[in-house]
Amino acid sequence: MQNAKDFKFEIIVKDKKAKIRVGKITTAHGIIETPAFVPVGTKGTVKGLTPQDLREAEAQILFGNTYHLHLRPGEDIVKKFGGLAKFMSWNGPTITDSGGFQVFSLGQLKMKLTEEGEGTQVNVVNIKDEGVIFRSHIDGSKHLFTPEISIEIQKKLGADLILAFDECVPHPSTHEYTREAMERTHKWALRSLTVSQRKPFYHPWRQALYGIIQGGVYQDLREKSAKFISNLDFDGIAIGGVSVGESKLEMRQAIDWSYPFLPENKPRHLLGIGEIDDIFDVIEGGIDSFDCVIPTRFGRYGIVFVGPPEGNIKNRFRLDVNKTNCARDKNPISKECLCYVCANFTRAYIHHLFRAQELLAYRLASYHNIFFINNLVKKIRESILEDKFQRFKRAWLE
RNA sequence: GCUGGGUUCGCAUAGCGGCAAUUGCAUCUGGCUGUAGACCAGACGGUCGUAAGGCCUACGGGGGUUCGAGUCCCUCACCCAGCA
258 MQNAKDFKFE
268 IIVKDKKAKI
278 RVGKITTAHG
288 IIETPAFVPV
298 GTKGTVKGLT
308 PQDLREAEAQ
318 ILFGNTYHLH
328 LRPGEDIVKK
338 FGGLAKFMSW
348 NGPTITDSGG
358 FQVFSLGQLK
368 MKLTEEGEGT
378 QVNVVNIKDE
388 GVIFRSHIDG
398 SKHLFTPEIS
408 IEIQKKLGAD
418 LILAFDECVP
428 HPSTHEYTRE
438 AMERTHKWAL
448 RSLTVSQRKP
458 FYHPWRQALY
468 GIIQGGVYQD
478 LREKSAKFIS
488 NLDFDGIAIG
498 GVSVGESKLE
508 MRQAIDWSYP
518 FLPENKPRHL
528 LGIGEIDDIF
538 DVIEGGIDSF
548 DCVIPTRFGR
558 YGIVFVGPPE
568 GNIKNRFRLD
578 VNKTNCARDK
588 NPISKECLCY
598 VCANFTRAYI
608 HHLFRAQELL
618 AYRLASYHNI
628 FFINNLVKKI
638 RESILEDKFQ
648 RFKRAWLE
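So for the first sequence, our numbering puts the first residue at 258; every next one is plus one.
These are computed hints drawn from the structure, not numbers from a lab.
Incorrect hints may have been included.
To be verified - For lysine-lysine, the following DSSO-like pairs were computed, each having C-alpha atoms within a straight-line distance of at most 27 Å: (1) Lys-274 x Lys-484; (2) Lys-399 x Lys-337; (3) Lys-481 x Lys-385; (4) Lys-523 x Lys-592; (5) Lys-481 x Lys-271; (6) Lys-444 x Lys-271; (7) Lys-523 x Lys-273; (8) Lys-385 x Lys-337; (9) Lys-505 x Lys-523.
Starting from the given sequences, assemble the full structure and let the hints guide the process.
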């Protein structure tokens, strides 16, 4: 049986008036101080960075993906190597996404099949109550994902935190469809919960299961979903179905509408959010952890984060180092930043690396962005502990 | 000196009588929020117009043939290759 002590969530400080809180999640592989940002390492790697880089950049936990790791290298291989963390040589906690997001992200994709007929187009994703049939974006092969299968794969992957299989709908979607998907997600939540508690277990540590709230941009559905998911025996609660094309206001409403139903004593994860201004709002909304691809994706595209005073709401704290005005800039990316990249490299050099498409460009920019976000969240954590969150927020966003 | 090939929007290319003219690179602009993403989209002679579209200037220089010329002919200049 799994060791129940391998998962624990404690609240260190809870603001009496606001929803904000500082906490600590204990897992078999380490502690996560919350609020926490979770860098995304879909295929078992945070693109461009070594675990050592990530540790230096103050990452506490990494986010892998069930669908992608199932396609390759396959969960059995990961299991054989002692689970995701050990396989990728990450000495810390991990969390895996269930594949529910790929229902959305691969949903619009149509694949051309040449074998039968001439260039027949098929949907890559086919959703049924039983589960979802994906066509591999790599080779077109069919893969059935059900809650049972997703959880089984995640058990083999062995992350400390795992997610129920859900259906993430695109924006915009009708109320009717969003409701159907939500109800499906609820049924899948029950099934995910059941299998997660059932033997066999492939690793000696406990894997905490998070249920996922859906409901799109509709208040009644968000409330219903929050109530439903919160009443189940999950270890944590995730809010999904955001960052799919809705407005920031709609994203924040999704959190606010769910909030009244969220159990106080369980950690809350927000899926897929991580722009600078969102980070403040989301934490203020009572979120304990959130993952986002932005720091690494932007890193690869040459968009790096800068703090105040240069960075502000207007420029969204972004600097495009590809731009010619960086070509002779002797400054580091961000003067206030304490990361290795800002201590050692000029904008001009990083600009050059991007123009020359040198691999180091992607690494340095990703490293800085991950550090930047983690450091920001750390400062937010400290500000909450010192009861100075609002002041700190104003210094950044006004 | 002879023979052959070449000179097109920053660079490199396509074009073989209807062309403001192909493609790649470069450049510029925009977009990325649980990663089909070191990606995608747009602009790229000038000018007027919100737009459809109009006007001007352009395929090394000059001349010619033609309703019409990067495209055919003559000539000059320069570059490359082979032979002397």
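Does the structure keep Lys-481 and Lys-385 at a Cα separation of 27 Å or less?
-> Satisfied, since the Cα-Cα distance of roughly 22 Å is no more than 27 Å.
Assess, step by step, whether the Cα of Lys-444 is no farther than 27 Å from the Cα of Lys-271, and give holds or violated.
-> Not OK: Lys-444 and Lys-271 at ~33 Å, beyond 27 Å, violated.
Restraint check for Lys-523 with Lys-273, where alpha carbons must lie at most 27 Å apart | Holds, at about 17 Å.
Hint consistency between Lys-274 and Lys-484 [alpha-carbon to alpha-carbon, up to 27 Å] = It holds: about 22 Å lies between the C-alpha atoms, which stays within 27 Å.
Holds or violated: are the alpha carbons of Lys-523 and Lys-592 at most 27 Å from each other?
-> Roughly 38 Å between the alpha carbons, so the hint for Lys-523 and Lys-592 is violated.
Straight-line alpha-carbon gap Lys-399 to Lys-337, limit 27 Å | holds (24 Å)
Pair hint Lys-385 and Lys-337, alpha-carbon separation not exceeding 27 Å = violated (32 Å)
Straight-line Cα separation of Lys-481 and Lys-271 no greater than 27 Å?
-> Within the cut-off at roughly 26 Å; holds.
Holds or violated: Lys-505 to Lys-523, with C-alpha atoms at most 27 Å apart | holds (25 Å)
Checked against the numbered hints listed earlier, the structure breaks hints 4, 6, 8; every other hint is satisfied.
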